[in-house]
Amino acid sequence: MRRASVFGMMAVLLLASSHGAANPSGVGSGTFDAQCGGACHGDADMNRSSPATVSVEAPSVAYDGLLTSVSVTVSDIQTTANGLLGVFLLSDLTGAGDTPADDGWAILSNSEGGTENYVEARISSGQTEHTVSWTLRAPSIGTYNLHAAVHHGTQDGSEAPFFGSTLSPTVVEVVEVPENLPRLAADFAPPTQVTVGEASEIDLQTEFVNSVTVEWRTVGGESKTVVVQPLGDETWSFTLPPSVQPVVLEWRAHLEGDGPSQTTPWFQVNSDDPSWSVDETTAYAQSLAMLLAATSLFVALQHRRTASELKAYEAELDDVGGEA
Amino acid sequence: MVSSGTLHVVSTEMTVGAFAMAGAAFLLAGLASHGLAGMRRHLTLADHVAHFALAFGLLAMPMAIVTGIQASPGEGVDHPLLINKMLLASTAFGLAFGVLLTRWRQGTAVWQDAWGRRWQALGGMASVGLILTTASIGGTFSRGESLLDMLHLPYEHVPLMPFWLSGLIIAVASANLVLLRRPAQG
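Protein chains in written order, with the working numbering: chain A, 1 to 324; chain B, 1 to 186.
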């Protein structure tokens, strides 16, 4: 009983230390406030100022309820040995209730293939600059601030967690949508993921649009135009070509109508290998089954001696002085 | 603050080190119990080292598993390597536990006859082999390579049973363990 208590106490202490540990492998993309709920990077007693420069690029004017593109550029990057860099898009830097959604923005996609305000990018060795783009639906009419922040460590892992942010916010004025402005339908949500080797067919819903042209490109590549088929009732269809390897494709639409012509922001589509998934309950059950089966089989294999045989052997050992 | 990754390295080294020592001792115990290589007089020593090292490895293993899960990126076991790692570690744990349970119940009599000594040594060494393969998968997952890559083991394939079959095996194995809790009737 006493031994079990000591062992239990040691196990609790060991587990407690690991629960309080940092996350050098990151926490994965997600919707987080700037301080990640009191993470080491946000703790003024522990963190250090990042040497990186963080800037937000956004249009000064956006239309109420329409899509717009915002990008965050991090330069003078310093990261951990595994290259992890966490990038936030934020509505303020208070550390609580400061996601874009808290100001009414809706994130439709980001260039890392997700729909969250916090993304973790892997930075190649020697890379000093990285840009993450978000496509957002603008909130109601008003003036809004957008900030960005970064979390990272150091190459040798010996120093404190780093935190960096924009020095001043980027201001976006959200105004009323002009009458007859050619635009995407309010409920249109661009796809963000596609499987490698599969073409992605996109149906585009618009309002006040007479014709549409669409261009696409790989990030940093030359843009090309695709054929757009009108399906009627302000619905259009086009197909992005399949990729042969994981890559980020970007596309945008030029909308023509009675009102002033409009160009949508670049929308990112992440092409990725087919994701691997498994029913975790089945896997855990099989794991337990294999554990018990291995124990049971071995015990059965060795279950041959009778109690009298075991006693006789122990007695024999005692007689010869314990030598087996 | 010590990160989960660092704790995982420590606990993994403890586990693998203990199992490796157990493996060598089981080999020596097997040779000694068969009277090979002039080892017979070292049987008691090899027997004790093998089982104590195996027990220590088993104690360290849960810590390695917990810290490994915490240190892995993403959520849950979402990679074939991680599933295979978990299945192999479970099998190794079960086999090692069976070896220790047998030794605890039967004492040194386990080395008494040819059948017992053969399977005790092979069981101990097999559990060690499974643990080393598990560690190799860990190396492949974190660094993209490991020493056992030369064997071209099919780490990417996951042999998953239906849930009902796992449940049936759990029930049968549990019943078997309950029925085998006493020595054989003679």
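Worth double-checking, as some hints may not be accurate.
From the structure, some residues in chain A lie toward chain B, with a derived Cβ separation under 10 Å [to be verified]:
| id | residue |
| --- | --- |
| 1 | 260 |
| 2 | 294 |
| 3 | 301 |
| 4 | 308 |
It should be emphasised that the hints constitute simulated quantities derived from the structure, not laboratory data. For every residue, glycine included, the Cβ atom is placed at its ideal position computed from N, Cα and C.
* May I ask which of the numbered hints given earlier this structure violates, with the numbers listed in increasing order? => As far as the earlier hints go, only 1 is violated by this structure.
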